[in-house]
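Undergrad: So the protein sequences, as listed, match chains A and B. Here my numbering is used: the first residue of the first sequence is 174, the next is one more, and so on. Here my numbering is used: the first residue of the second sequence is 153, the next is one more, and so on.
The set of hints was computed from the structure by calculation and includes no laboratory data. Some clues are possibly wrong.
[What the hints assert, rightly or not] Cross-link-like lysine-lysine pairs, in silico, BS3-like; alpha carbons within 30 Å at most:
hint, chain 1, residue 1, chain 2, residue 2
1, B, K251, B, K241
2, B, K174, A, K514
3, B, K164, A, K514
[To be verified] Over the 12 Å line for every Cβ pair with chain B, so calculated as not near, a few chain A residues:
hint, residue
4, S183
5, L193
6, L202
7, I306
8, M341
9, D372
10, D474
Just so you know, these numbers come straight off a predicted model, no measurement behind them. Using N, Cα and C, we set each Cβ at its ideal position, and we do this for glycine too.
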Amino acid sequence: MNLLLTISFSSVASGIHNWLVSTIPNELLAKSVEMVIAGICLLLFLVPLCFILGYMERKVAGFMQMRYGPNRVGPYGSLQIVADTVKLVMKEGLTPTGSDKFLFNLAPVIMVVTCMLVLAPIAFAKDFQIWDINIGVLYVSAISSLAVIGILMAGWSSYNKYSLLGAMRSGAQIVSYELSVGLSLISIVILTGSLKMSDIVMSQETGWWIIRGHIPVIISFVIFVIASTAEINRAPFDLAEAEQELTAGFHTEYAGMKFAMFLLAEYINLFIVSAIAATLFLGGWMPFHIGHWQEFNHIMDFVPSSLWFLGKTFFIIFIIMQFRWTFPRLRVDQLLTLEWKYLLPISMVNTILVTVMAIMGWHF
Amino acid sequence: MFLTDYIRTVYKGVRSLLTGMKTTGYYFTHARKEIKTEEYPDNRATLTMFDRFKGEVVMPHDENNEHRCTGCQACEIACPNGTIKIITKQELQPDGKKKKAIDTFVYHLELCTMCNLCVVACPSDAIKMAQTFEHSVYDKKQLKKVLNNPGSKIMEGVE
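Please take these sequences and the hints and turn them into a complete structure.
TA: Written as structure tokens, this is what we have:
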């Protein structure tokens, strides 16, 4: 039992690392084998995660609309997503005649690859991180804006007016909302003084930023959640997909596994956005600590750090799902009004507030 | 002036969004109580339809196999689709007089739109809407129904 308690993700990871280094003499080979193992672990984590998120979304939607959601396949409908996946795999992967075949087939791959790249600097548990780059936050915001290239590529190459309109809209949308996301990330960077993910998490040892930074950080947290919902093209900002107007927007022409890859990318993006919000504002894997109450903090440390991280992430995922099933959709002009007239000015003022607060030391 | 308007807009927006989230949050947390779904084929034994549900036209008969239809054909005239067809006969009364009575009350379910106009038009409350709804059959002919039971008579005192 005692042994079991000491096992953590970081000890397993370093154990594998030491074993690889000692058995494989060639350093380059050892490193590449380690990278492959990390990639496979990531895939093994992401595919079940997408299943869970798909099931969760349907159940949340059902309960919020006073219905059951899936309840036929498996206990409480839990195997519904498996059935859907089997259906998608069986379908024909059609490429339209008029489309640009190379770009059409490349677009879903780009979508998945970009969101897998963003996962690199995210700390899943204590000392358990794929790549602790020193410009983590900058890297995340830079790579996540690449996702629009995949959407534009899909829309443009489909040879379909619906797809093109959806892609153009998502271009305007992501370019605008990137600003608010960036500014709200900056407020935490100002408080921490570092772009490194591990530093940001460690800086919250005496309390999460959302508690320590009080009003300005709460404002930037709300702005981050709203703007990142828009950035991952989820309802109420789903103008790129726009089921109501553009059939399915940029992925109208996609079917089978290529469509499944867009779906995969959507859910991974949802997870990433929530994970980043959890890391920056809610302390990532850091347990709930209050100042210097050593006993209380010590009790909180008994809950594994990975559970803290996943708990916070799923809390934010739930909030974003609740957005989807509560709020009415926005028109294109309303979408841009919300960003340029409300979110951006507020987050600019908020950045100044945070800066003053950080300089004067007005946080806990 | 502009700034107060701006802040008021933001406040109202945030407040109304939070109200919406409170409602859906309530539905989510009280799902067991709030779910309105009828799991139809599973609860077939216990399913009760609501009072105003209109499934098909029926003619209630009492225990002596008596109905209340006088054969006045008001329902036939009221029906917009020609769903009802009443065939009447002359029946010999005990006092020697002849009186109009129904022979067959033909009801075409396949033409009926459940508009309830026949039930409203009936002066003697002879027909009413039933709450059955499992009407699908393999042969169209089975949808043509005769509502009066064989050998049934008009109830005493219904004119």
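Undergrad: Run every hint past the structure and note whether it holds.
TA: Taking the hints in turn, this is what the structure says about them:
1. B:K251 <-> B:K241: Roughly 8 Å between the alpha carbons, so the hint for K251 (chain B) and K241 (chain B) holds.
2. B:K174 <-> A:K514: holds, 26 Å
3. B:K164 <-> A:K514: Judged against 30 Å, a Cα distance of about 15 Å means the pair holds.
4. S183: About 35 Å separates S183 (chain A) from the closest Cβ of chain B, which puts it past 12 Å; holds.
5. L193: holds, 46 Å
6. L202: holds, 51 Å
7. I306: Non-interface label stands for I306 (chain A): nearest chain B Cβ at 36 Å, farther than 12 Å.
8. M341: Answer for M341 (chain A): holds, closest chain B Cβ roughly 27 Å.
9. D372: Label holds. Min Cβ-Cβ 32 Å, cutoff 12 Å.
10. D474: The claim stands: D474 (chain A) keeps its Cβ more than 12 Å from every Cβ of chain B (closest is about 30 Å).
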